[in-house]
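Taking the hints into account, I'd like the entire structure generated from these sequences.
Per our numbering, residue 773 is the first one in the sequence shown, and the count goes up by one each step.
Since no wrong hints were added, every one of them can be taken at face value.
Capping the alpha-carbon separation at 25 Å, the derived lysine to aspartate or glutamate pairs in DMTMM-like fashion look like this:
no., residue 1, residue 2
1, Lys1088, Glu1139
2, Lys1088, Glu1098
3, Lys1088, Glu1145
4, Lys1088, Glu868
5, Lys1088, Glu1151
6, Lys1199, Glu1166
7, Lys1088, Glu898
8, Lys1088, Glu863
9, Lys1173, Glu1128
10, Lys1173, Glu1098
11, Lys1088, Glu1155
12, Lys1173, Glu1159
13, Lys1173, Glu1139
14, Lys1088, Glu1128
15, Lys1173, Asp1120
16, Lys1173, Glu1150
No wet-lab data here; the hints were simulated from the structure.
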Amino acid sequence: MRRSRWLIVAPALLASIFSFIPSASADPAPGLFTSYYTIDAVPPTRSDSVYPLCGSEVENNINRNYNGEPYLDCTLDLFMVHMTGFITIPEHNTIEFWLASDDGGRINIGGNEWGNWGDQHCYWMESGEIDISAGEANLNLFMYENGGSSCLMLAWNINGQGFEIVPDAAFTTNGSPTTTTTSTTTTTTTIPQTTTTIPETTTTSTTTTTTTTIQVPTVTTTTSTIPETTTTTSTVAETTTTETSTTTTSLPPETVPQITTTTPVSTTTTTQPPETSTTSIPDTIPLPPDTLPEAPQAPETSEPAEDAPLPPISDKAVVEALADIEQATPAEVKAIVTELLAFALTTDQAVSVASEPAVLEVLTNAEAEQVFEQVAVEELSTEQAVELVAAVQEAPSSVRKAFEAVLNLFQGFADDYVMTNQTVPIKTRRALIALSAVFLVSAPAPTRRKTR
773 MRRSRWLIVA PALLASIFSF IPSASADPAP GLFTSYYTID AVPPTRSDSV
823 YPLCGSEVEN NINRNYNGEP YLDCTLDLFM VHMTGFITIP EHNTIEFWLA
873 SDDGGRINIG GNEWGNWGDQ HCYWMESGEI DISAGEANLN LFMYENGGSS
923 CLMLAWNING QGFEIVPDAA FTTNGSPTTT TTSTTTTTTT IPQTTTTIPE
973 TTTTSTTTTT TTTIQVPTVT TTTSTIPETT TTTSTVAETT TTETSTTTTS
1023 LPPETVPQIT TTTPVSTTTT TQPPETSTTS IPDTIPLPPD TLPEAPQAPE
1073 TSEPAEDAPL PPISDKAVVE ALADIEQATP AEVKAIVTEL LAFALTTDQA
1123 VSVASEPAVL EVLTNAEAEQ VFEQVAVEEL STEQAVELVA AVQEAPSSVR
1173 KAFEAVLNLF QGFADDYVMT NQTVPIKTRR ALIALSAVFL VSAPAPTRRK
1223 TR
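So this is what it looks like as structure tokens:
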């Protein structure tokens, strides 16, 4: 009799013991899961199973320039990037995004998808204003590089304040932590219900089987209100012990032990939301690549118009980009320049870029022309003109030639500048030209001697 009573209460005791074990939770980790693939088709299939994996890491943001910087065993060209995780959307009245990529880029944020999956230069693609709540949203991004230069950037515009690159703090690899309660039954349990009479003593008519090992189980449980006359039959394994007693007095329902559970640990349950799972990378992404709507496929030769407008950039972003540029390596400066030239610069911003000696050292002729084309001479202050001329005067010859080709240096703002292959400044040349004109005007016309 005593042995059978112990078997009846053992599961309840085990449950009470394990209820003191702290529940597991995972803190959000910064960054985004990122995988790199080598591809042999353009545009490639957006999938994690078609192409060989050449590297993986957790990226801290979406603000990348892959020029000359392959990852691990990946190639300089013909590669695809896949980023997955979560983005924290701030409180807002309105919000919109743009994604810049070279070549194709396609992104899905909280069910809002946009981009172009075809060859293009570092071209920005706007989402327009989207209806999305503040808080964490799923993020799924694909980008591929065919050849030449490459970029990958994500910016947001909150309440019409202007586009800014989304900061590192907005990205996490998993969602907010959730508390789960660990169930404490030793094995899978099936609890059928039958109607019988409960004895006056607390002995129930029970068929009970136990095992000697305790493990974190996969549990199927049933919680119900037990009527006044109930017997509970638990079948767990092969060895059984049976105790039976009969009485005419029923036990109150509240004294009948019940086996309950909250959230099972099993990863096979279908009641746990996908976004709270942190067991593996695929489980953290509720929108796997195969379920995303396929973007219209652009022809391989299609490119955006060369004169497509570039997105604006805030003064704050330019100042931050140039803040410590004197301590940056040439490769880091080159990456900063590439990112800045993906935006439309104001005159003030262009002068700030062109007045940095470290920037002028790495500019190509084409990049220098792009910078100087965004300088409106009539908007220059005297201080800006002096600063710009002094910086360009010491720049490499390719930058100086671009400066001389794009801007009209004879408008008065560059009088102290000495042009390439010249020895005197522009103001001296202007004076010499004026003096030559005076001599030409005042010189007597030649006379013809009469001959007999």
